[in-house]
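The listed protein sequences correspond, in order, to chains F and E.
Be aware that the first sequence starts at 1, since it is given in this note's numbering, and climbs by one per residue.
Be aware that the second sequence starts at 1, since it is given in this note's numbering, and climbs by one per residue.
It is worth saying that the hints were derived from the structure and are not from the lab.
Values in this document were obtained by computation on a predicted structure and should not be read as measured data.
Treat each hint with caution, since some may be false.
[Said to hold, decoys possible] On the chain E side, residues computed to face chain F include the following (Cβ under 8 Å):
no., residue
1, Asn43
2, Ser50
3, Ile66
4, Met170
5, Glu177
6, Thr180
7, Tyr211
8, Asp233
9, Thr239
Ideal Cβ positions, reconstructed from N, Cα and C, are used throughout, including at glycine.
Spelled out, the chains give:
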Amino acid sequence: MGVLDALNLDGMNVVITGGGTGLGLEMVRGMAEAGANIAIAGRRQGPIDEAADMVKGLGRKSMAVSTDVTDTAAVNALFETVLDEWGDVHVLFNNAGIVRETGRPPLWEITDESWRIGIETNLSSAFYCARAISKHMADRGSGKIVNVASGFGFRGGRDNYMYTAGKGGVVNITRAMAVSLGRYGITCNAIVPGFFPTEATNATSMSLPRGDLIPIGRTGFPREFGPVAVWLASAASDYMTGEMFIVDGGGLAGGMAPTGYGPITELA
Amino acid sequence: MPVPNDWTLEDKVALITADTRGWTPVLASALAEAGADVAVAGNSAEYVESAAAAVTAQGRRSTTIIGEFSGYAETDAAVDKTVSELGRIDILVNASLTEFGKPTLDTTEFEWSTVMDANAGAAFRWARSAGRKMTQQGSGHIVNIISEMAERGLTNHAAFSASQAAIQQMTRSLSLEWGTSGVRINCIATGWIELDPPSIEEQQKELFVRYLPLRRKGTPSEIATLMIYLSGDFSDFTTGQTIFVDGGAMAHA
């Protein structure tokens with residue numbers, strides 16, 4: 001047995017929200033390759049069915065469960081379905097979120113409904129899912145909850161309120177869950193992605209910074225999320241909880257000035 | 001038993017530093033298990049050689065470099081020896097750390113400058129020496145293993161925590177400076193990790209352990225896979241980060 005064997009996910013049952021597309025899909029692929037069975041929840045049936053077929057093609061169990069993660073009854077039903085079918089849930093990935101709704105209005109034009117949907121989708125959904133499955137994990141004495149936050153959870157974004165506030169909430173509910181659930185053998189961490197061109201980010205008019213404004217000079221590849229998901233789902237990360245796993249090409253390390261800006265100052 | 005395909009350091013050469021805590025043999029063994037050849041540098045022949053033995057036990061090549069590494073000439077020479085003996089350098093793991101705890105009013109100038117140099121100064125020298133080769137070849141991964149006191153204070157640890165924060169900030173700036181040269185640099189910040197902790201019941205007699213969300217100490221092998229991740233090309237979008245592996249200590253109020 002070497003240290004790499006801890007990455008094996010054979011027999012682990014994972015539930016992931018928003019797992020049919022983008023970063024979620026690549027996390028599904030990575031975890032399935034490592035041996036996990038994966039239940040994929042999402043709003044649209046087509047993409048989650050395709051993702052489930054991909055998982056089955058790798059020889060793992062999978063199911064696609066159409067779920068609106070802002071609907072608590074639907075969330076509860078999702079976990080009942082998975083527990084009925086598989087008996088156990090070991091890992092929850094709260095990946096569903098929306099980058100932005102329509103347009104990018106100034107603060108004074110944001111409607112109650114727009115605020116509510118943004119917070120519900122980006123923050124409340126993670127709470128609803130964790131609430132629904134944490135008792136099961138606590139009763140077993142083990143479990144892993146992985147949230148997906150954002151650099152906007154640490155820094156402000158221009159005309160970007162619901163996503164920024166929601167992801168900031170995800171950052172800190174991750175810490176609260178870690179501190180609270182550790183005694184039941186449950187860890188809770190967050191992945192913090194930088195800029196990855198995906199269907200979701202391309203589908204909106206949100207202006208992604210060009211690669212040359214990211215310290216390493218390029219945006220990320222969704223497949224760069226597979227190994228991170230595997231590590232956080234596996235026993236290899238058992239001593240980490242309440243932490244932010246930041247994968248952003250160096251964005252949060254800097255941010256004070258454009259990439260490459262470096263004035264020279266000699267000692268006086 | 002699937003180990004995911006990404007997790008390989010095949011054809012890579014690493015240089016790891018060793019102190020006397022005994023973590024380096026565990027970490028060097030993990031690098032070798034993932035496929036790397038590993039040079040080990042440090043001032044204690046005993047610990048350097050046991051780390052090298054752990055590498056060869058995994059069927060990989062190793063070389064040892066004994067020294068104090070108190071100037072660029074020595075760290076440059078160690079990098080050169082790694083390249084001449086093992087063919088190249090792709091990975092630098094700064095695993096050496098000098099611990100120090102003392103009331104500040106009793107801390108001498110010599111102690112302050114020694115702690116700062118042994119931790120921050122050495123990390124800077126190693127990164128500079130390895131970074132020269134890595135920026136030339138357009139690729140490389142540097143992993144600094146530090147204490148979470150980089151971010152959290154502790155009584156009697158003003159000098160030590162400053163030396164750790166210095167490494168964290170150096171890491172952020174270097175990630176920007178070398179980002180477009182293909183070099184990645186990150187920190188793993190550890191909480192209370194021990195080579196061989198006693199039983200959990202025994203550990204929990206300590207107040208600090210009961211305070212930790214996970215209510216136990218960690219082991220060096222629990223940072224080994226993260227070190228492999230940060231050493232491999234499959235983590236190339238991760239740079240400038242400090243990842244805390246600490247049983248939840250940082251999440252606590």
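Here's how the hints hold up against the structure:
1. A distance limit of 8 Å between C-beta atoms decides the matter here; for Asn43(E) the minimum to chain F is near 26 Å, and the interface restraint is violated.
2. Below 8 Å, beta-carbon pairs count as interface contacts, and Ser50(E) has none with chain F, the closest being about 17 Å; its hint is therefore violated.
3. Hint status for Ile66(E): violated, given a least beta-carbon distance of 26 Å to chain F, over 8 Å.
4. For Met170(E), the interface hint is violated, the least distance from its beta-carbon to any beta-carbon of chain F being 11 Å, above 8 Å.
5. The interface hint given for Glu177(E) is met, as the beta carbon of that residue sits about 7 Å from the closest beta carbon of chain F, less than 8 Å.
6. A least Cβ separation of about 4 Å between Thr180(E) and chain F falls short of the 8 Å threshold, and the interface hint therefore holds.
7. Contact between Tyr211(E) and chain F, as hinted, is not supported at the beta carbon level, the nearest pair being about 10 Å apart and thus beyond 8 Å.
8. The beta carbon of Asp233(E) is not positioned within 8 Å of any beta carbon in chain F (closest approach about 10 Å), and the interface hint is therefore violated.
9. At about 4 Å, the closest approach between the beta carbon of Thr239(E) and any beta carbon in chain F falls short of 8 Å, and the interface hint on this residue holds.
Hint compliance for this structure: hints 1, 2, 3, 4, 7, 8 are not met, and every other hint is.
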